[in-house]
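Chains as they are written, first to last, in this note's numbering: chain A, 1 to 495; chain B, 1 to 777.
These aren't lab readings, by the way, just hints derived from the structure by calculation. Please read all numbers here as calculations on a predicted model, not as lab measurements. Heads up, the beta-carbon is just placed ideally off N, CA and C, and yes, glycines get one too. It is possible that some hints are incorrect.
What the hints assert, rightly or not - So, partial list: chain A residues that the calculated Cβ filter (under 8 Å) puts toward chain B:
1) 106
2) 107
3) 122
4) 134
5) 171
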Amino acid sequence: MIGTVKISDYTILTRRFSNVRQQIHFCLNGHRHTIDDERVFLSLAEYLRERCHLVGTKIVCNEGDCGACSVLIGRWDRHSERYNYQTLDSCIVYLFQLDGSHVVTVEGLGDTHFLTPIQQAMVRCHGSQCGFCTPGFVMAMHGMVETEIAANQENLSYELSGNLCRCTGYASIVEAGLQMNPENCARMNTRYCPDEIYSQLGNFEADSIEIKTSGGTVFIPKSLPEAVSFRNSHPAATIVCGATDYGVLRNHDKIVATDTLCLVNVEGFQSISFEDGDLKVGGGATCYQIEQAVREPIPEYYAILTRFGSPQIRKAGTIGGNLASGSPIADAVPFHLAMESQVELVGPDGIRTLPLEDFYQGYRKTALQNNELIAKIHTPLLKDDERLKLIKISKRRDMDISTATFALWLKLDGKTIVRARSFMGGVGPTVLRMRESELQLVGSPFSKESFQRAGKVARTAIQPWSDVRGDASYRLQLAENFFLKSFHEWEVHHG
Amino acid sequence: MASSGKSLPHESAIGHVTGTAAYIDDLPTTYGELYVDYAGAPIACGKIARIDLSMASRIAGVVAMFTFEDLPGHNVFGPIFRDEPFLVEDTISYLDQPVVVVAATSREAAKQAAKAIKIEWVATTPILTIDQAIAANSWLGPQRKIERGDVDRILKNSRLTVDGIFESNGQEQLYFESQACLAYSGENQAIKVICSTQNPTETQMVVAEALGLQLHQVVCECRRMGGGFGGKETQSAIPAAMAALVSFHTGRSARIVYRKDQDMLVTGKRHPYKTWYRAAFEEDGRLSAVEFKFYSNGGAFADLSTSILERTMLHADNAYFIPNIRIIAQACRTNLPPNTAFRGFGGPQGVAAIENLIQEIAIRTQCDAFDVRRRNLYRDGDSNRNTTPYGQVVQDHVLEETLSQIEVSSEYQTRLESVRDANRNPSLRLKGLAMCPIKFGISFTTKFLNQGNALVNVYTDGSIQVSTGGTEMGQGLNTKLRQIVADEFGVPVRSVSVMTTSTEKNHNTSPTAASAGTDLNGQAALDACQQIRRRMADFASQRLSNLEDVLPPSPENIRFEDGFVFDVRTPSNRIGFSSFCDEARRERIDLGARGFYATPGVEFNRETGRGTPFYYFTTGAAVAEVTVDRWTGEYTIDRVDILMDLGKMINPGVDLGQVVGGFIQGVGWCTTEELKYDPQGRLLSISPTTYKIPNVTDIPPILKVDTIDNPKHVVNVFRSKAVGEPPLMLGISVWLAIKNALSHLRPGTIPKLSIPATSEAVLRSITVMLENPSEAK
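Based on the provided sequences and hints, a complete structural model is requested.
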């Protein structure tokens with residue numbers, strides 16, 4: 001079913017087209033770099049190590065799953081007139097994403113005669129053994145200082161969960177974090193005068209960018225209409241925003257450099273708002289931004305998002321990318337399906353809206369036309385008589401891809417379930433609706449027996465596969481148990 | 001002031017935190033340097049029909065490609081048995097086994113060329129599992145046995161027995177710096193390899209043999225590794241031989257750095273084991289007889305499998321006296337990459353087998369497992385309970401004291417009660433609690449490896465260089481060497497540099513392995529220092545003597561302390577160490593020495609299974625508590641207490657880092673680290689994305705680490721103890737706690753559980769326990 005097509009009053013659709021320039025500019029440890037050729041397709045880690053000989057940044061997994069290559073990337077905030085620095089995995093950041101940014105690597109923090117308080121604490125606390133992961137941890141801790149996150153045990157554990165260490169067992173690293181004295185730690189906006197950086201880059205910020213290379217054209221628009229226009233004329237172009245999925249494929253030669261539409265500079269594309277009882281999120285909002293926004297209003301969604309990838313991944317990966325990937329184990333999808341989210345798709349003819357459930361058509365197949373982009377997603381908030389349970393199962397708690405995901409939404413009338421929606425991911429080609437289980441629940445009392453029945457039929461409704469993340473039998477057992485787990489947890493919390 | 005005993009920072013810490021500590025891929029390139037890659041076998045078992053290089057040779061930047069036919073020397077090597085071809089000749093023995101070495105002007109060109117090489121093959125059915133190997137009688141080395149007492153009679157007559165099959169899976173080392181080597185060719189066919197290796201001498205030998213050179217023509221250097229964990233004890237020689245081959249033929253420098261997924265696919269890992277066990281025991285859980293039949297999956301070639309298996313046999317007792325015991329062990333030849341050393345070196349598989357057994361006996365006897373473990377402990381000085389199955393007396397240890405102390409410090413009994421309470425009505429969660437001791441034998445069980453040599457140079461400004469055959473992989477060897485040497489000369493550690501490990505300075509060395517790096521190299525460095533000091537003391541005694549004051553020269557009275565040299569009888573008349581060194585040189589005193597050390601008294605006869613293979617034992621214990629989700633099998637580690645006897649620590653900061661790091665690595669093996677293969681023998685979990693090592697959020701919120709004094713330990717360098725491997729096996733405590741949690745579902749019923757206990761495995765065990773209790777053993 002296709003939702004109603006409507007021409008929206010979308011302000012960005014009427015925006016004038018920008019100037020187009022043929023190169024990107026970014027700063028690296030305070031110095032401007034200009035790229036106008038094939039190098040635009042290089043990963044930042046590759047560029048740092050092989051082209052700039054900044055070998056302090058290490059590559060291990062080369063797919064954003066270890067954090068060894070972590071660097072700080074600052075983006076200009078025009079309100080504070082400073083750069084906002086975040087820790088990202090440089091192995092899956094590409095130069096075409098960097099226009100207007102300031103990249104700081106471990107070499108840019110100081111030198112061997114002047115250690116930052118974080119580096120001093122790491123030395124003092126035996127926070128390094130073999131040392132290969134260490135620059136990444138140092139950068140991630142500096143990222144905490146940049147984002148003013150208090151260095152307590154809980155935050156350190158959370159913020160460093162995108163960095164793996166094979167030697168220390170982490171205790172000494174966490175201890176270093178506790179001892180690092182963030183107030184003594186120079187912020188990057190102090191170490192690098194933001195005006196000086198901006199003066200090297202700022203004159204160009206209003207431009208869209210088009211770089212033609214032998215490997216294809218890279219287009220980096222400033223507005224959504226420009227993006228749609230390029231997509232319309234280049235339907236085969238790769239669409240990239242946070243590059244967390246793209247990076248893994250690219251670094252393993254599963255996709256090649258080709259025409260590329262990079263949405264990272266699109267204005268207004270990262271908006272998050274609560275309007276008319278709905279959560280409205282722009283397709284370019286990062287998981288991290290959403291996570292911060294929903295912490296209070298939707299704690300269930302917040303809890304799932306905190307287990308999405310790693311902090312570095314969440315700071316890059318976008319909701320649009322997660323929904324559009326069509327993956328049956330995309331972590332954000334079960335929530336949005338259970339809450340009956342609507343997606344706003346923008347194409348050359350305007351905007352159309354359709355229920356997210358209709359968006360998915362098969363394994364990595366969606367209703368997105370090859371001239372459309374996901375502009376926004378609207379999600380109603382949970383009402384008082386509704387309950388929501390979200391579960392993610394992965395081999396390791398954090399920085400892991402789901403083995404199975406689960407969402408269960410109920411509407412209660414006293415002790416009776418009057419409506420139910422349930423979805424499971426990782427057990428079929430798409431995130432599957434568990435209709436038979438819903439039928440068992442609707443009209444039934446909120447009791448263990450009802451959930452037991454729902455679980456039993458869930459088992460028979462799916463035909464999961466076995467893979468590196470788990471056997472089919474495991475997924476079947478989980479499908480059954482998710483319902484009882486939900487019941488018992490609700491019972492503990494709601495009595 | 002002595003530096004030993006102080007938690008001085010890691011010798012490379014500043015380099016680590018600033019990113020200036022260089023690893024192989026960080027070293028500057030030279031003109032014309034080539035990147036090396038290889039094309040591997042596309043199947044796990046079969047023969048090569050044809051190799052087509054035509055597509056690859058057309059890729060821009062490709063300079064050369066080499067097969068085994070291009071080797072000037074031997075193609076077949078092996079650290080114990082010579083059975084492993086460096087490059088495939090015609091028989092393919094495991095998937096991705098190197099076939100063609102490619103050299104190109106860029107990394108990308110080398111990679112693309114390697115991919116473009118077409119290898120045509122004829123496949124035969126691979127042997128992948130231990131069961132398949134047993135069925136096919138596919139063995140590596142002979143079957144070994146250690147036996148004491150009359151196991152069969154007691155098993156037959158005993159009322160209380162337990163038997164079963166216990167499996168532990170492999171483990172990927174996942175050192176962060178993948179295998180890497182940079183080779184330079186020099187004059188007169190000489191080759192120098194800078195290699196990320198735990199074993200420079202072995203690397204030198206393999207390169208020399210492959211290139212048909214003599215050992216003196218090859219130098220191997222290693223400044224540091226980005227982690228080793230055993231994975232660079234033998235297998236680093238293969239990339240070294242590839243880079244050396246390219247450099248030898250082209251005259252250009254050549255560098256190879258495995259990609260992480262390539263490394264994980266092709267290199268060997270910790271051995272998977274399948275163990276058949278039977279035991280007889282008393283009502284109170286005391287063991288009367290045990291039989292173990294260990295089978296290990298050795299992979300395609302022997303590598304170190306037989307030595308690893310030997311250490312399993314020597315650790316199947318762990319910390320327990322077992323009056324009647326038979327340990328049979330056999331390594332299996334399969335079509336996996338040759339499995340190799342990994343921290344613990346077979347010890348973990350033996351310890352896990354006996355600890356699983358004890359846990360099951362506790363379930364069967366309804367005794368608390370802590371008590372069962374205590375009752376079975378070796379007792380120091382009690383000749384009825386202090387001898388291992390292989391005849392070595394376990395002495396000068398504090399195992400009993402360790403258990404008593406950790407029982408109190410971990411509040412074991414109180415928590416045992418709350419765990420029992422929490423498990424009475426488990427609608428959501430199960431709690432588990434367990435203690436695991438460790439007794440780990442220190443020394444190579446291969447006698448000749450228990451040696452080390454060191455070179456110490458004292459310069460005229462009083463600064464000192466020390467070089468040994470030991471390699472630094474993060475474990476802190478260099479930091480401790482610095483402290484040892486500084487203290488011998490009474491100078492601050494900043495006066496001492498530990499130099500790059502090189503076969504040019506230290507030859508015929510053993511791998512840095514078996515936890516013995518500091519023991520062997522520290523003791524050798526000490527020997528070198530003492531030689532120099534004797535010469536210095538002779539000279540100083542002359543220089544400081546004063547016949548007028550009737551102070552005859554007396555070298556025994558010379559002291560080297562706080563940067564000064566003086567006669568203890570006239571301490572105010574002292575000379576600064578640096579000017580003393582300058583004077584000494586002018587008096588033609590030799591200020592350099594080569595030290596040597598061979599561990600005394602170690603001997604093991606593997607034919608008879610008897611001997612004294614270990615110089616001493618490192619011991620300790622851990623208590624772990626877990627919470628298991630009854631519906632998903634997920635679990636959290638809530639608290640861990642560790643107590644270890646590490647002798648007199650040379651650097652407590654380094655040692656405690658080894659304890660926590662080793663422990664968490666052991667936890668990884670027991671919990672989330674799961675190697676999965678497809679039916680063709682291709683590893684599926686080949687990156688950190690699919691192979692899950694512990695994350696910071698997996699460490700217990702309460703983690704208490706402490707050491708216990710042991711005045712009885714008087715041997716070894718500065719009376720320290722080796723620390724690298726033993727704590728890894730304490731990770732088994734977490735696995736035991738999970739097994740304990742599951743046993744609360746049906747008291748008296750033994751839950752089935754293997755290593756690793758992934759959430760999936762735990763949920764399977766829960767389901768079987770609840771639905772088919774007869775299937776659970």
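Going down the list of hints, with the structure as the test:
Proximity of residue 106(A) to chain B holds as hinted, the smallest CB-CB distance being about 4 Å (cut-off 8 Å). Annotation: residue 107(A) was flagged as interfacial toward chain B, and the flag holds, the nearest CB pair being 6 Å apart, inside 8 Å. The interface hint given for residue 122(A) holds, since its Cβ lies 5 Å from the closest Cβ of chain B, which is under the 8 Å cut-off. For residue 134(A), the interface hint holds, the least distance from its beta-carbon to any beta-carbon of chain B being 4 Å, beneath 8 Å.
Because the closest C-beta pair between residue 171(A) and chain B is about 5 Å apart, less than 8 Å, the hint holds.
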